[in-house]
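Asker: Chain by chain, the residues run as shown.
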Amino acid sequence: MRLLEHQSKTLLAGFGLIFTESIPVSSPDDVNSTVSHVGLPAVLKAQTPFGGRGNAGAVKFAESMDQAVIAAETLFGMDLRGTTVEVISVEPKLNYEREFYVGITWDTVAKLPVALLSLAGGVDVESAQSDQVARQSFDPWTGLAPYEAREMAAEVGLTGKTLMGVGEVLTKLSGAFLACDAITMEINPLIVTKDETLIGLDARVEIEDEAVYRQRKRLDPLGELTMTAAGRPPTPLELEAQRIDAIDHRGVAGRVVEFDGDLALLIGGGGASLTVFDAIKAHGGSPANYCEVGGNPTEEKVAAITALLLSKPGVKGMAVIMNVVNNTRADVIARGVLMGVEAAGRKPAEAISLFRVPGNWEAEAREIMEAAGVEVYGREVSLDAAARLAVERNRAHAA
Amino acid sequence: MLLDPKAGVLVQGITGREASRMVEDSLAYGSNIVAGVTPGKGGQAVHGVSVYDTVAAAVEKHRPTISIISVPPPAVLDAALESLSAGMQLCLIMTERVPQLDTSKLLIAARRAGCTVIGPNSLGLIRPGITKLGTIGGRVDNVHRSFMPGRVAVLSRSGGMTSEIASYLTSRGIGQSIAIGVGGDAIVGSNFTDLIERLESDPATDAVVIYGEPGGAAEEQLAARMKQKPSRLRIVAFLSGSFVDDLEGVRFGHAGVIVERGRGSVRGKVKTLRDAGIFVAETFEDILHGLEPDA
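Line by line, the protein sequences are chains A and B.
Note that my numbering has the first sequence beginning at 1, numbered continuously upward.
Note that my numbering has the second sequence beginning at 1001, numbered continuously upward.
This is chain A alone, in the form it adopts within the complex (with noise of 0.2 Å):
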């Protein structure tokens, strides 16, 4: 889950981290009173869950009040990716000698959370020289400790009260960072001010979805979250597919990507569902989604998604392909298609352009499938087989 720049920034001052006053704006009857408060000049940010904002001109600097005025103007209803901006923030733009980037993560390779620290903050960060980066993973059970966030800062190269200030804030980011089960979170820049005080002008802060339940009490007076780590907001079919998910919690038939494709896909688990959709592609076949099925979900979950996924517009057949499952149960698999197909008005023979399902109950399934006079594969055709006959029948199927 990403938090917005000024959600991100009002969690990390209650851990004693110290920003812009960022104040958002979601009317731009409101711009004129929030930078008067805030004092010109100011910056004014569309707020969005993805990075790239600068490179976007989806961040302004106002000098004086019509200016201001203007930018807003721009950035409301502004297209990101996708998102129409409903959200600005406004802030006082400060002065600075130097600018650092802070942030922790997790390192897969280690399998710790690592803290870094860089001399060029900004967006050049990611061109840093290595030199020019500390990074110190450190063990979660105990936090970075302040004498490891200090070695940072000398690693870098700094000294006196800067060397102080920069290890403070990562000891303190760290410790937001495991208090929070965050899998990013980052000051981008930190600033360093004359009186040599360390601002953060911008933070990013992503939750781990799968901790969310245990951080509901931080979360929650944040306000509205964003729960996509996609790149674009879900599409309406997407939305669907993700309440047809949540009818119950017995297995998964409901994360759909919507693609542009004519052969809906029924697939399963998530490594067979990589690898049909990439064979379907590399077959020439145009995939009007990628749905992953598994855990054994319900009849009625496999038949809401299926009529879902056959009634977009667009779509000639669905083709059912999934790896030899061990868990889920080919039979209620196949009794779920088959009611989806008749809620979606269609018939299975035409409908569907293949089902190949084996494992588990798969003598079952194969019998109620081809009683309806659907084509069933079994173990002896491989995933890219199936992929290969899947195009070629739809293919048919337009002729």
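It should be emphasised that the hints constitute simulated quantities derived from the structure, not laboratory data.
Far from chain A by the CB rule (all over 12 Å, computed), these chain B residues:
no., residue
1, A1057
2, R1198
3, R1274
4, G1290
5, L1291
If you anchor each label on the Cβ, the simulated ranges turn out as follows:
no., chain 1, residue 1, chain 2, residue 2, range
6, A, K161, B, K1041, 54 to 60 Å
7, A, K194, B, Q1228, 47 to 53 Å
8, A, A110, B, D1141, 38 to 44 Å
9, A, G314, B, L1027, 48 to 54 Å
10, B, D1246, A, V69, 36 to 42 Å
11, B, L1247, A, E350, 30 to 36 Å
12, B, K1227, A, P221, 46 to 52 Å
13, A, D79, B, Q1228, 45 to 51 Å
14, B, K1227, A, K194, 48 to 54 Å
15, B, L1247, A, T84, 19 to 25 Å
16, B, K1041, A, A343, 37 to 43 Å
17, B, D1141, A, G373, 23 to 29 Å
Straight line, CA to CA, 30 Å or less: simulated BS3-like cross-link-like pairs of lysine-lysine:
no., chain 1, residue 1, chain 2, residue 2
18, A, K281, B, K1271
19, B, K1105, A, K172
20, B, K1105, A, K111
21, A, K111, B, K1227
22, B, K1229, A, K111
23, B, K1105, B, K1061
24, A, K111, B, K1271
25, B, K1105, A, K217
26, A, K316, A, K347
Since the structure is predicted, the reported quantities are computational estimates derived from the model, not experimental observations.
By construction, the Cβ of each residue, glycine as well, lies at the ideal position given by its N, Cα and C atoms.
For chain A, the structure is supplied; the task is to place chain B on it using the hints.
Answerer: Coordinates of chain B only, in the frame set by chain A:
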């Protein structure tokens, strides 16, 4: 070898729906499940296996050295620590959706205790014809159809693909020495590199098929290890999900970019593995070509 068929196996969370079915299937395959634990349900039995309130009580009576953890996500860290304090040597964590922080913490404790962890989010592991741990393979008839004894190890980041690859090999007459679902999470107890280092000293294994996916750096880590120190094992990799490389906006912030340094994409992983001399299958069926002696 990683999984000793004579070692006693304990199941934590044994009274759960999935765990109970797993116990039934595993006993039918010959797994040596000796006890179960569900706090508050001591005294019950699941398919003839006695249930205890604590791991300590189960260990005192039955002396298991392997634990399977199948408890809800919030209870995994505590269950693992309980297991470690009772001296388990191998711990399979089947639970999905375990917070990463808990995984990282329990792995530190496991390292100190000298315990090997498989998972979280793993369907388990099997030595075909000998024994298995976890739901891998499903019902016993399905296990026999998917797996057969042989000399190829299968390591997979996807549980389903573990069986799919083994099943395909079996259908072409190629048996397996061991098949392991390493777990689908970004951080797992034993990744490809950890496991291949153990398989190198296993005289029953000649080759390894690995299945990789987008994200993380497990494949790149293996490639780096092979470049540094070639393996006696023939390694064949198959990766899927290259379409994910083209989806926009997966990145957020800079921290991931700095730490991963270009790792994570499927195309990048394929290239890195090939540069390290590892055969990467173009298609699923191409895995067989990689296992041929002159590949």
